[in-house]
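Okay, here's what each chain looks like letter by letter:
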Amino acid sequence: MTEAMHLVLVFEDDPGIQEILRMLFDANGFRVVMADTAARGEQDARLHRPDVVIVDLGLPDRDGLNVIGAIRAWSPVPIVVLSARTAEAQRLAAFEAGADDYVMKPFSAPELLARVRAVMRRHVRGDLPMGILELGDASIDLGRRVAHRRDGRELRLTPLEHRILETLARQRDGIVTHAALMTEVWGPVRDNTRALRVYIASLRRKLEVDPSRPRHILTELGVGYRLVVDAASQAAN
Amino acid sequence: MPEGFGLVNIIMIYLLGTTLGALRLGRMASVALAISNMLAFDFFFVPPVFSFDVEDIRYLFTLGAMLIVALVIANLMVSIRRHREVADSRERRTAVLYAMSRELTVATDAKAMAAVAVQHICAVFHSTAIVLMADAHGVLKSISVSEDSFDIELAKEVVARGERCIKDAIYLPLRGSRRVKGVIVVCPQPAGRSLPTEQLNLLDTFAAQLALSLQRARLAEAAEAARLSEERALLRNTLLASISHDLRTPLTTIAGAGSLIAQPEYALNVDRRATLGRLIEHKARDMTRLLTNVLDLVQIEFGGRALRSDWHTVDDLVALALRGCESRLAQRSIIVDLPSDLPLISVEPTLIVQILSNLLENAAKYTPPGTTITICAAACEERMMISVADDGPGFPPGDPERLFDKFYRGRSESNIVGVGLGLAICRAAANLHGGNIRAVNNPGGGARFEISLPVSARDS
Chain A
0 MTEAMHLVLV FEDDPGIQEI LRMLFDANGF RVVMADTAAR GEQDARLHRP
50 DVVIVDLGLP DRDGLNVIGA IRAWSPVPIV VLSARTAEAQ RLAAFEAGAD
100 DYVMKPFSAP ELLARVRAVM RRHVRGDLPM GILELGDASI DLGRRVAHRR
150 DGRELRLTPL EHRILETLAR QRDGIVTHAA LMTEVWGPVR DNTRALRVYI
200 ASLRRKLEVD PSRPRHILTE LGVGYRLVVD AASQAAN
Chain B
0 MPEGFGLVNI IMIYLLGTTL GALRLGRMAS VALAISNMLA FDFFFVPPVF
50 SFDVEDIRYL FTLGAMLIVA LVIANLMVSI RRHREVADSR ERRTAVLYAM
100 SRELTVATDA KAMAAVAVQH ICAVFHSTAI VLMADAHGVL KSISVSEDSF
150 DIELAKEVVA RGERCIKDAI YLPLRGSRRV KGVIVVCPQP AGRSLPTEQL
200 NLLDTFAAQL ALSLQRARLA EAAEAARLSE ERALLRNTLL ASISHDLRTP
250 LTTIAGAGSL IAQPEYALNV DRRATLGRLI EHKARDMTRL LTNVLDLVQI
300 EFGGRALRSD WHTVDDLVAL ALRGCESRLA QRSIIVDLPS DLPLISVEPT
350 LIVQILSNLL ENAAKYTPPG TTITICAAAC EERMMISVAD DGPGFPPGDP
400 ERLFDKFYRG RSESNIVGVG LGLAICRAAA NLHGGNIRAV NNPGGGARFE
450 ISLPVSARDS
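For the record, the sequence lines run as chains A and B.
Residue numbering for the first sequence follows numbering that gives the first Met the number 0, starting at 0 and increasing by one per position.
Residue numbering for the second sequence follows numbering that gives the first Met the number 0, starting at 0 and increasing by one per position.
Just chain B, same shape as in the assembly (with noise of 0.2 Å):
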């Protein structure tokens, strides 16, 4: 024994080594380290040497008190890294709902979601997934792409019950605000391999999280159903007070020019008949194309209709509305200029001589006879652009991208006959091109509206 490096210094080495495996090993480890330990100091350096005899009752004290720090300090050690394991566990699992949340909150609809679900649920879980959700009907249905097959009589018990059921898979139920809307089967890979009970309660959570998500887009559908219906109903109303007003204008020339020309005893003359004849025709007239652009613009809005496109020239297209409008634009003249190069679009031709109509209309409504029209095009890479301007006096002040609001009228409460749906339904038929429609003061004076138009439409 060396004299001077003593004993005690001896117990402290033992004691390090008792700690630094504690660091590493499990508790029971630790422990048969601590005994092990004492029982060498024992035979090594307890007097008798190489024995386990003590020859002073004293040492015994010794020994017990080494084994009672040696054991405290390995409990200590396992507790301490157990704790750390815990946090970091608890961390990662912090880390992976995060990124889940993350992507769920970007998704919009349910089948999105499901589809982050299953994607971070196969990631971190090395499982597969299947989300069930109950229709209108309550009838699950999967909502994720997914082959993997499931048993839908114990998935239609969980959603009965609301409680986590294990078998061949796991279902875990989706809980809505009040009852359970769904189920998310996960089947570990490979197949019957079963998770510990950490990562099922992590799977709670991913359950819990996705259920909360689908919740939200729920209450979103909701919320965006309220507002198109509220939006309907002001559109409804308003198109009820319009359409009243102005068709009852023109009604009430028809009628009474009708009950005039049907008095023989008033005896009038027959240039008298005629005048009152073309004004009921004129009137009638007016009130066909505004039910034209009324029908159009619930078609659009409420329709929800596939356009019926096919190739064709814009000249063709021009010439429609222009001869549509022929008589009303009589005392206005017009410059057509087109490009003879210019490409054809793919278009619906009803609706792009309905915009071209509707911009002429308005031309011929709201400048002075003697006005100069001019249409133009251009193609520019994949877009047509056409501009219809004049040089009249131009847009009112304010905004001019509120006249395409429905009912808004440039000049409210003139005798100017509309119900400030044309340049409305220009815009929906525009957009549902991949289009659009703007309105500009014309440079040199005037109002100016550019359509931009995809070459080849896409239904929007």
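With the rest of the complex left out, here is chain A (with noise of 0.2 Å):
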């Protein structure tokens, strides 16, 4: 077990959270390395090789933005942000400095470590393939770009709706910005985020059990979106 033991980088300068992040984190089979300025951090980060790292936006010495950029520069070790900011800019910012989730403060821990082994799994695995996703009863064909329902019932969809689905499925369970869901759909030529509204819409109604409360295509406000394939976990964090 000991050699499969995850290393977790904590960027925490409040003894209260520190101590619930060790706790959470050793309980959870984790070793922890905390640190409470950003510059004792970066140095940990390099001489410990984390498996992930979690940051905290207000350090006392840096803004945490800039730790993510500056791990960034030299790693592609997944980042966590844990923070109190909730304003949706800060929270772009933090996904385009390079962070790979985020969690608002105060937050639930199981839901914290749910994400924690999400963006390991991803980081690990790399790009998905494009094989066979299956969301609630539909079963949608990436490569071939077929889909149909579980019950034999037809279901079509567009070549844009299949290709932002494709999108959010390389990335599943992580955040894809709306720029880049539009880059990659579109190309880098507008901004076209009412067009990708209605296609995230229709999405939902050919896909979703319920579309006025999706499990799978999931809205992260003013961020972009999120696709989640085992509903089931997601809904018990």
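Worth flagging that the hints you see were computed from the coordinates, not collected in a lab.
Below 25 Å or equal to it, Euclidean Cα-Cα: the simulated SDA-like pairs (lysine to any residue) are: (1) A:Lys104 / B:Ser326; (2) A:Lys104 / B:Ile279; (3) B:Lys282 / A:Arg21; (4) B:Lys364 / B:Pro399; (5) B:Lys282 / A:Val102; (6) B:Lys282 / A:Ala86; (7) B:Lys166 / B:Pro195; (8) A:Lys104 / B:Gly255; (9) A:Lys205 / B:Pro342; (10) A:Lys104 / B:Leu246; (11) B:Lys364 / B:Gly397.
Two chains, each in its own frame: build the complex with the hints.
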């Protein structure tokens, strides 16, 4: 088990939150390194080569966004932001700096753990192959661009809907920003937010069991979308 | 000489001529006319005729009396005319002043008032004008739109001395209650034309009228500021009182539960610890929601913040609100009825989600388990109507509008958590989008909130 123990590096200056995070990760088979300043944490990152990094944006010596950029400059290690900053613009800035996920304070411990595990899974397995995507009672063959329902009923997705779904599926469980999604689907031409919203709504109507309460294609306000394949595990969080 | 007509009648005809002449002529001309009439009478009618000589000495008296009567009449006629002219011009002055003061009353701020004054001065005096007002630091700044140049040093001098000054333009002081607050610079067109005294006096009256209105605007501004600061003070006090109460209650639970868990000698079993843990989490989340509401309200009320709108589907916003309230709505059944052809709306999404969440939270708080909550939307012309309705007990008796007051609680002194800010925020956020929200009793029983938003929100 020991060699399988993952190392998590936490940038956090509040002793209370440090304690909670330490307990959470200890109890779930992680080794934890705590850094209460950006400078200290960056040293630790180079020294310990963590499997995942958790960054609080409000560090005493430097802004967390800066830390994310600095780590991204030399390492693809998954980074989860843990912050009390709730404004959309700040969340978006974190993603643009290279963060993989964003958990808002106050956080729920199981949710944080689930997000951390998800970014690590994605990191290990890399981009997903164009396999078959199972969402609720729908089954979509991303490679061949064919979709049907389990009960055999027909399911027609337009080519653009296929492309959006593909892009989301490659990052499954992770957030795809609006900008990234639009570039993938339409190319780097123009702002197409309105069209994107319409396509997402249409995809939900086709794929979600209850489109008014989506379980698979989730909106991350002001940032982008997240495709959750295993809706049951997400709901449990 | 026609015997039957008589000299007396001829004298009368001459006097009539003098009188009629004085109706139209000026003073000097009237006097000249009176004298020439007298001489003409002497020349043509007084024997010997066709000569200025007078045979009978008594005619001298006649001629003298005739001259005096003619002069008096001429004089009287001229002064009557003068008076009428003065009355006319006074009436005109009153009319133009009245026209300006009526428009000044309608104007609400200094800029609008200056514009009104400039426009009237332009019409009445055929001049252009610039209104300069001293700002908070006493620096004169133009508050009217004009490309005319003026002498700032001269304007400063007028402010300092408080007296009219005429150079190539006319500088008139605008007096406030204690000191001169500004200057109005009037440039008669074409440049260099000078105005008669009467017009200058009228201009003074115009300046005084404008100064009075500006004074009124300043007072109104000050009163509004005082009212706002009073309202803010009230809001702050009530906010502090409610927050200290409503934060202390969950904090008590959290501190109590924490201290229980922290005591190893109590040897709490796993189940009890889990219960306490959940209690702490639950209360902390209540506090977070409360804090979000307070922060939002403070931002909207005090921040004067601009909207960060973007196009969104109503479906998405409703889904986000439902996702946020999922656990608290577990025992209510939710019906979402959104037509698939709803247009997108341009809104600040967090605020709309906040409105919907607050309404859903309220429904969860004030209705018994098993209640059905229905969310509908419909687009009507350029507006989007979203309604959140339940089939619960409905609103307490009284005006449902009161629910939107800050710190008003539908059921006071209850154990329901909150500070009565939820609906106040809903209203503030809806208004910020140029929309509104109202509470109505559901026809079939229960409470119903209707949000109306412009499809494309303009910052209000």
